[in-house]
Each structure stands twice: as structure tokens, then as C-alpha cells.
Amino acid sequence: MKDEKEKSLLKQPLVEVQDLKVHFPIRKGILSRSGGMVFAVDGVSFTLNEGETLGIVGESGCGKTTTALAVLDLIRPTAGKVFFEESDMARMSPSELRKLRREMQLIFQDPYSSLNPTMTLNQILNEPMRIHRVYPRNERAGRIAYLLEKVGLTPEQGRRFPHELSGGQRQRVGIARALALNPKLIIGDEPVSALDVSIQAQIINLLIELQQEFRLSYLIISHDLTVVEYICDRIAVMYLGRMVEMAPYGDLYRDPKHPYSEALISAIPVADPRLKRKTPMLRGDVPSPIRPPAGCHFHPRCPKRISGCDVHSPQLKDIGGGHWVACHLV
Amino acid sequence: MGNTLTIPDSPSPLLHLNRVKTYFYTVEGTAKAVDDVSFSLNKGETIGLVGESGCGKSVTALSIMRLVKDPPGKIVSGAILFNGTDLLQISSGRMKSIRGKRIAMIFQEPMTSLNPVYTVGDQISEMFVTHENLGKKESWERAVGMIEKVQIPAPEKRAREYPHQLSGGMRQRAMIAMALACKPEILIADEPTTALDVTVQAQIIELMLQLREEFGTAIILISHDLGIIAETVERIVVMYAGKVVEEGPTLSVFDAPKHPYTKGLFKSRPKIGERSEYGRRRLLEIQGAVPNLFQLPGGCPFHPRCVAAVEICRGSAPELISTHDNQKVRCHLANP
Numbered sequence: 001m002k003d004e005k006e007k008s009l010l011k012q013p014l015v016e017v018q019d020l021k022v023h024f025p026i027r028k029g030i031l032s033r034s035g036g037m038v039f040a041v042d043g044v045s046f047t048l049n050e051g052e053t054l055g056i057v058g059e060s061g062c063g064k065t066t067t068a069l070a071v072l073d074l075i076r077p078t079a080g081k082v083f084f085e086e087s088d089m090a091r092m093s094p095s096e097l098r099k100l101r102r103e104m105q106l107i108f109q110d111p112y113s114s115l116n117p118t119m120t121l122n123q124i125l126n127e128p129m130r131i132h133r134v135y136p137r138n139e140r141a142g143r144i145a146y147l148l149e150k151v152g153l154t155p156e157q158g159r160r161f162p163h164e165l166s167g168g169q170r171q172r173v174g175i176a177r178a179l180a181l182n183p184k185l186i187i188g189d190e191p192v193s194a195l196d197v198s199i200q201a202q203i204i205n206l207l208i209e210l211q212q213e214f215r216l217s218y219l220i221i222s223h224d225l226t227v228v229e230y231i232c233d234r235i236a237v238m239y240l241g242r243m244v245e246m247a248p249y250g251d252l253y254r255d256p257k258h259p260y261s262e263a264l265i266s267a268i269p270v271a272d273p274r275l276k277r278k279t280p281m282l283r284g285d286v287p288s289p290i291r292p293p294a295g296c297h298f299h300p301r302c303p304k305r306i307s308g309c310d311v312h313s314p315q316l317k318d319i320g321g322g323h324w325v326a327c328h329l330v
Numbered sequence: 331m332g333n334t335l336t337i338p339d340s341p342s343p344l345l346h347l348n349r350v351k352t353y354f355y356t357v358e359g360t361a362k363a364v365d366d367v368s369f370s371l372n373k374g375e376t377i378g379l380v381g382e383s384g385c386g387k388s389v390t391a392l393s394i395m396r397l398v399k400d401p402p403g404k405i406v407s408g409a410i411l412f413n414g415t416d417l418l419q420i421s422s423g424r425m426k427s428i429r430g431k432r433i434a435m436i437f438q439e440p441m442t443s444l445n446p447v448y449t450v451g452d453q454i455s456e457m458f459v460t461h462e463n464l465g466k467k468e469s470w471e472r473a474v475g476m477i478e479k480v481q482i483p484a485p486e487k488r489a490r491e492y493p494h495q496l497s498g499g500m501r502q503r504a505m506i507a508m509a510l511a512c513k514p515e516i517l518i519a520d521e522p523t524t525a526l527d528v529t530v531q532a533q534i535i536e537l538m539l540q541l542r543e544e545f546g547t548a549i550i551l552i553s554h555d556l557g558i559i560a561e562t563v564e565r566i567v568v569m570y571a572g573k574v575v576e577e578g579p580t581l582s583v584f585d586a587p588k589h590p591y592t593k594g595l596f597k598s599r600p601k602i603g604e605r606s607e608y609g610r611r612r613l614l615e616i617q618g619a620v621p622n623l624f625q626l627p628g629g630c631p632f633h634p635r636c637v638a639a640v641e642i643c644r645g646s647a648p649e650l651i652s653t654h655d656n657q658k659v660r661c662h663l664a665n666p
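Heads up: the sequence lines are chains A and B, in that order.
Counting along the first sequence from 1, when you hit position 18 you're at 18 in our numbering, and nothing is skipped either side.
Numbering-wise, our numbering comes out as the position in the second sequence, counting from 1, plus 330.
Among these hints, one or two may not hold up.
To be verified - DSBU-like, lysine-lysine: derived pairs with alpha carbons at most 35 Å apart:
id	chain 1	residue 1	chain 2	residue 2
1	B	Lys404	A	Lys278
2	A	Lys150	B	Lys601
3	A	Lys99	A	Lys81
4	B	Lys601	A	Lys278
5	A	Lys278	B	Lys597
6	A	Lys304	B	Lys479
7	B	Lys373	A	Lys276
8	B	Lys593	A	Lys276
9	A	Lys81	A	Lys276
10	A	Lys184	A	Lys276
11	A	Lys257	A	Lys276
12	B	Lys404	B	Lys601
13	B	Lys487	A	Lys304
14	A	Lys99	A	Lys150
15	B	Lys399	A	Lys304
16	A	Lys184	B	Lys597
17	A	Lys11	A	Lys21
18	A	Lys257	B	Lys479
19	B	Lys466	B	Lys426
20	B	Lys351	B	Lys373
21	A	Lys257	B	Lys597
22	B	Lys513	B	Lys466
23	B	Lys373	A	Lys278
24	B	Lys513	A	Lys276
25	B	Lys466	B	Lys431
26	B	Lys467	A	Lys11
27	A	Lys278	B	Lys466
28	A	Lys81	A	Lys317
29	A	Lys81	A	Lys11
30	B	Lys467	B	Lys513
31	B	Lys601	A	Lys184
32	B	Lys431	A	Lys276
33	A	Lys278	B	Lys513
Hints in this document: simulated from the structure, not taken from any laboratory.
In this text, all values refer to a predicted model and were calculated from it rather than measured experimentally.
The shape of chain A in the complex, shown without the other chains (with noise of 0.2 Å):
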């Protein structure tokens, strides 16, 4: 508990996102005729703080991946702004924009597909020092096998390739790859979701003991809701495109204020057999962000909805604590 309140008096931002929109046209036939927009990302807004880890969760569609794309510059926002450090992303060279990159990385979900296959450990991890050209020649011999280290593996491992090795040690390579540049900002996109249980724990464990050692800030996208309570500081629910609440994370499990977290955490099954199955709050799909619903966007399956929520969008309201809500009902 003391260690939160020391970190939330020398709250320094990291990474500044005010009203990001991210609209994708839709390309029918040949003429590339626009057939509509999906509003993958519809004016989101937050700040991730040095040291701290923000976690955004939602389910499939609702535009978690494309803000952290977007967060990256590997996406160009359609509106908003993002700031690192307090410059201006969009009015950025080319050149500061590269140099940008290094304190800026990023974790995949599926480490096999992240990682090429042809090229050993060792090569893996001198390819951004490489492309960065940092660290004299003859000095990422040493860094590498340090890295290789930290995340838990040996130097004489970085012979080996990919195939070699198991799904959790591939993990590690890419979190190895994270760290090799040096970065302010870890961008973990699912980043435990394609192993097994047992070696979850294994990655977790290291992602939070790397993190208090290079004073790493966190950005991890996840629909998994049990893993984020336990890796983030404050949490951000999203819904098709919106932020609909952020809170820290003890308060939004334990007392969401959006009728979509509540839903959302009440659907997590919880492992304890003696627990009565809680009855699922919603029915139906999330629907397309191609045509998202008029108002806010979650109300054709909130439980709770009233008159006006079908016209009006809600917008984030600071509800004190660092808890913000976007909904008519608060």
C-alpha cells in the first residue's frame, strides 16, 4: 500500500492519449468504393504514468489492439493526439520519430510467429541494437548474453534457434527483445494468453520483477480480467471503441460503476467450486464497430438503461479516486 501512495505523489506522464480516433474505411469491390468506416477507435483518452502499468481489457473488437498500435505509431490516428514525454507524436521527424522507437517496445501475444525462425537468439537480440545502432560493436556480444540473463535464460542458449524452444522460453526471448534498447514503455499485447497455465505464472512473475528493476512503465492489453487485476495499477475497460471506465484496480473489481465492467466481471468464472455460479448479465454479442449502436454504445444490452441512452453519448466523468466513468447513470 505504501509504495502505491509514494508512486502516485511523483506521478510523472509517460504517455499523454487525448481523443484518439482510429476509423478504418471499408474497400468494396474494384473501384474502392468506401463501404462505410469501422470506428475501431471512437475518442479515447488516458495517461499512463512513469513506473506505473495501465491495463486496457475488453472482449474481441472493441479496439484495445488499435490503441496500443496507435499509442506505438504504427497506426496513424485519424484524430487525437499522442504524446510522449509531452512532445507532440504527430509533429515529430522522421528521424526524432525513430529515435522515439527505442524507449517505446513491444511484447506479442504468439511468441512463435513474433520471433524469425531463421535467425538464432543471439542474432534476434542484436537486430535492434543493429537497426538502432547503439551499443558499440563490440560491447552487444556482452548485453546479449546480460539479457539472456535477466529474462531467465543462459548465454549458451543464444545459439539456438526458435523451434528449440518451448513456448514460455520463446516468451522470454521476446520480452529479452523488449528490454535490449533500453525502453521507458513496454507494450505487452496479450502477452501471457498463448501459454499454458503453469508457465503464465513463470511470465508474470518475470514482466513484474523487470519492471520494478529498469523502472519499466506497462502498457498490457489482455481480455484475460485475472491476469490484468494482478499485473496493472489502473485498469481501463473499453467497448467497441470507447473507454466506458478506468479506476484503480482494487476499485473497479470491486465496485465497477459501468454496467458493461460489472457485467464483464461477473462473467470471469471464478475457480472456487463452493461459489454459486453467478446467471450471465448479458445476452447476445458484442455488436460491429462498423455500425455502432447511436448514444452510448452499450446501451441495446445494458440491463439498466433509461430514456436518453439510445440519443446521448455519456462522456468520462472523474467520479473522484482516479476513477472515471462514461455512463448517464452515475
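Given chain A, work out where chain B should sit, using these hints.
Positioned in the frame of chain A, the structure of chain B alone reads:
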């Protein structure tokens, strides 16, 4: 809901696997995917097959259905008694009349198990045409009835649609409709909700539980998700490296897991609310990786990862023993 205790191995179980071995013969060697697996399922009971990738839980299910691809797979020995008849001894024609009608199965990815070129209604009707010799019109009507039963809105309209026109959740509902069409005695569900979003998953589990009550179907639920297992099944069978390592009533296994692997599995997942209450505790790790079936360690296959391993664990493979409290465990260190 669900957790009433039944006595395992009652005199005549609905399904009994007796020392089943299913091996895969490949250029890399022989993989003993299912290695001497025995367990039973009683009438109307729900059991959970738990384990990580490669532990043999899906191959066990495919062996029961006699759907193991041969070659490279082969059910080498053992017996699978269904109402006393050994499914491994009957003709493939007779197996066809059981498969789908009396023992049905649903899979993780409904899109790949539905035929994309037939309407959903046609595919469900086929169950009635094939297994109950009904006419086309009556089969169609019964199919629409099943679609309604699995709570797909506008069943008449949906019956005329193709799988790609349905959402993931609806496709899984359609699969359940097809599986339950002939009121099977056993439903095998292999990770039925793993590909679905959590709010949709909750609805599908709810639906399966409702239909279990209505049809009295016994269910073998295969899952890696201990939450789903805790919420739905009466008895748990834990598998590791092709073998059953623990078995018992859900409550007992959760309260007092006996095998070090089961213990580790339960402790390696965070629990919601624990961090707010006690602060973040380091998660318990099971060291190493899930073993490769081609290079299984000697002795107990879990010993290289086991925190409790002693000399005997390296030398000899333990047998599955029954304990005094109605559980079974395969560990040298467990007390009977």
C-alpha cells in the same frame, strides 16, 4: 448448481475407459498421447478433463469417438465400455450409429466444424434424417425447434443462413443444437468456450447447464480453465503427459489437491481480490516447460518440474492409487 457429489465408479457406469492407450507413430518417434487412461462417467454426470497443451485430454475425447486419425494415430489397447459395449470392438458401421446420436461432441472453433456450404438448418436436419430416418420436412421443423432451444433469436430465419452469417457465439449455439439434436447420452465438449469472449462464454456455459438439466445428458467437459471447471463439473480428472495424475470430486480436489502438479496448477493462477486484500504475492511457478511427448523423462513424467521429487520419482513411474477419501492420485509421495 452442479456440485452435488455422486459416488464415482458406481456398479455400471455409462462410460468406462479401461487402460486406454492411444499412440501416434511419426518419423520423430512414438508419441504416447494417451497412456493407460482409465476413468468412468455415470449417467447424467458432468466431469471435467483438465490439463495443459499436449497432456492428452483432446486425444482421449477423440479416442472415445473413435475419431483418431489413423495413421499416424492408433488406439493400441484398452477398452471403452459404453453401456457395457466395448466401442473399440464394434464395426465402424455400428460406431457410426452411435457417434453423433448417442455420443456427441462439440469443438473449440465452431467455424471449422460447421460445413460452410450448407445452411445451419440443413446441417441440423441431417442429424434427424441420418439417425432418426425422418423425412425432410419434419427434420427441418425439428431443426428449427433445436435452434430455438439454444436461444438463437429468429430461429426460422437463422436456419436458412450459412455459418459465416452467424456470430461466434451463435455458431457455438448451433453446434450445441446439432450435438443435442438426437438427445445423446453423452456430450463431449472440447474447450467449447475458449474461442469466445468472456460475456459470450458465460452465456454458452449457462446454456449447456440448462440443457443438461433438460436432456439429462452426461457431459465430459475438456478445459484448461479452472474457473469454468469449478463452476460446472462434479468430478475432475487431471491429466499430465498422457496419464491421469489425479481424480476426485470437484470440491475435494479444489480443497485438498494431492498431486504436486494439481497443487501447482491451482496456485499458479492469481485470484481476483487477493491483491487488494493482502498485497501482491509472488505467483507460484511450476518450473520448466510442459514436456515434449517424444522425449518424456523416465520415472514419473512430472519429476523434473516437481518441487517434492525424491530419488524414487526419477527411477520408477508411480501407479494411480485410490485414497481413503474417494480420490485417486498418481504420485509416490501420496498417502493412500
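Of all the hints given earlier, name the ones this structure violates by number, lowest first. 1, 9, 10, 12, 15, 26 and 27
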